[in-house]
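Undergrad: For reference, the chains in residue letters:
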Amino acid sequence: MSETTTVTQEVPEEIERFNIIFRIQHVLMFTTFLLLSFTGWGLKFAHEPHGISSIWIRIWGGAETAGLIHRIAGVGMLLDFIWHVLYLGYLFATKQMTINTKTTVIPLPKDVVDVVKNFMYFLGLSREKPRFARFSYAHKFDYWAVFWGMFIIGFSGYALAFPMQVSYIIPQFATGWIWELLWLMHSDEALLAIVFIIFWHFYNEHLKPEVFPMSWIWITGKISTKQLKHHHPMEYEHLFPDAAKKNRKH
Amino acid sequence: MSNTRFWIIVAPLLFLTFLVLPGPGFCQESANCLLCHSAMKGRIKTASNALVELNINADKFGASKHGSLSCTDCHMRFSDNPHASPGSDVPQSVLALSLNISPKFKVDPVAGAACITCHEKTYKMVLGSVHGKNIVEEHQSDGALCLDCHGSPHYITSVKDDSSPIGRKHQIETCGKCHGDTRIIEKYKLEENVMESFGESFHGRKLSLGHTRAPVCASCHSSHDIRSKNDPDSPIFGKNKLVTCGKCHKGANEKFVPAISHKRPGPIPHYGEKLLIILTIGVFAFIVIHVLIEAFSDIRDAIFRKKEEEE
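Here the protein sequences line up with chains A and B, keeping their order.
Using our numbering, the letters of the first sequence correspond one by one to residues 792 to 1041.
Using our numbering, the letters of the second sequence correspond one by one to residues 2 to 312.
A hint or two may mislead.
A few chain A residues that don't get close to chain B, going by computed Cβ distances all over 10 Å [stated by the list, open to error]:
1. G880
2. Q887
3. K893
4. K931
5. L972
6. K1036
Under 8 Å between C-beta atoms, here's a sample of chain A residues computed to sit facing chain B [stated by the list, open to error]:
7. G852
8. G853
9. Y949
10. F953
11. F990
12. Y994
13. E996
14. L1030
Please keep in mind that the hints were generated in silico from the structure rather than gathered at the bench.
Glycine included, every Cβ here is placed at the ideal spot set by N, Cα and C.
Start from the sequences and build out the full structure, keeping to the hints where you can.
TA: Structure follows, in structure tokens:
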């Protein structure tokens, strides 16, 4: 009995972290995101600096074409998001995915503790790094930021792109201010999303010394068990309990 | 003589002949006036204390829409020797109109009224509009009439021309000369935020980015028969907006048309934006601080704590 468990518990060189469907969803997400950012930026800052934006928009084929690109990319992104949510539903329905504190992306109280611990470590107040599960608070922040963006920017963008269709479901009392609010939501939160991606996502997945020039997980979907052990010790213990125990003994 | 040789000799001669011919065909009488007025520079003060621009740019005039008119077609009071005896016979209708619009035209009100001889329908429309009534009924001198929008009558170009003050390129600034002027806005109690709100709207942004179908002022407010926003006949009054917006936005309904106005944002969008800005700054502060001190600790670890990592 004990022999068979050691065989099954052999630790592979690497494990799959994101399957092909998640990887395709990610590629669709960032291509549409870049197209939307580039074309939307020109409209948000149409007047300043004077003249530069119209040159920038001309690079994207002029105002009409840039608008068309923005709409197509926007619808593409929303469809990608809906696909992602449906796919998660499918994984749960077929029990391929279950909620477990060591693998879930759902924020937990531990994440708040991890933030404090991590700051203590950064500042040299503690020598101990927080032990992350499959998704650290940084990953969770990254992931849920997209959800926030989808609801705030995605739906406001849909309303602005197809105002006539959306106008039928707008209650009468809101017509005086809703359009202005939708526009402000769309443009301000889009700026937040761009800033977020540039500082948070780019630092964590591109510029950090250990991943520079980028983390290749987005293409391969795989993470080495060595890295897993280092960056996601709780998930490592969850996946390979015996190996983890052995390690601790040694 | 071979054909080629013939053309080699004749073509330059023909070319030179064209150079010598007067460019745009001024009529003889215009040519007489331009003889002096194309060379004169500067302005003079008239008896009525108005400044007259003496110079006429003959090339620009010739290329303009009015280039083929003779000077006295509009400056009707001036005979062949204008400076000796202004006072030729002027049609009654023009003369009556010129008296009505004289506060606007201190120099030659007859010429200002003469537009009506060719543009009768348009001129009458203007006289009935909120701009025209301000001149002929209120006798204001700072209201708009033909030249305030169209620029100098000597250099009028097609509305499609980029140089036209009422074309797509310059119409906003042309209207803004008055509608963005705080003195005029206060005097006539005009909507005070029109220039800023247009610039910030989707319409204004797209126009400045070169969108070919983005609207300009006249697209919604109409031009010659412009009316007060409180006039039931105004294209932007109440339900008329459904038709006006519907010109571009097919199926524009009552819930859609409030999307664009010149009003300042109400309290909900105003405080909504404040909230979003606080959120943005909060998130921004968190991620920037996090990234900076993380980078700092990564560097520290790489330099001072290498050994511990290897254990």
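Undergrad: Work down the list of hints and note, for each, if the structure agrees.
TA: Results for each hint:
{"no.": "1", "hint": "G880", "verdict": "holds, 29 Å"}
{"no.": "2", "hint": "Q887", "verdict": "holds, 33 Å"}
{"no.": "3", "hint": "K893", "verdict": "holds, 23 Å"}
{"no.": "4", "hint": "K931", "verdict": "holds, 14 Å"}
{"no.": "5", "hint": "L972", "verdict": "violated, 5 Å"}
{"no.": "6", "hint": "K1036", "verdict": "holds, 19 Å"}
{"no.": "7", "hint": "G852", "verdict": "violated, 11 Å"}
{"no.": "8", "hint": "G853", "verdict": "holds, 6 Å"}
{"no.": "9", "hint": "Y949", "verdict": "violated, 15 Å"}
{"no.": "10", "hint": "F953", "verdict": "violated, 11 Å"}
{"no.": "11", "hint": "F990", "verdict": "holds, 5 Å"}
{"no.": "12", "hint": "Y994", "verdict": "holds, 5 Å"}
{"no.": "13", "hint": "E996", "verdict": "violated, 12 Å"}
{"no.": "14", "hint": "L1030", "verdict": "violated, 23 Å"}
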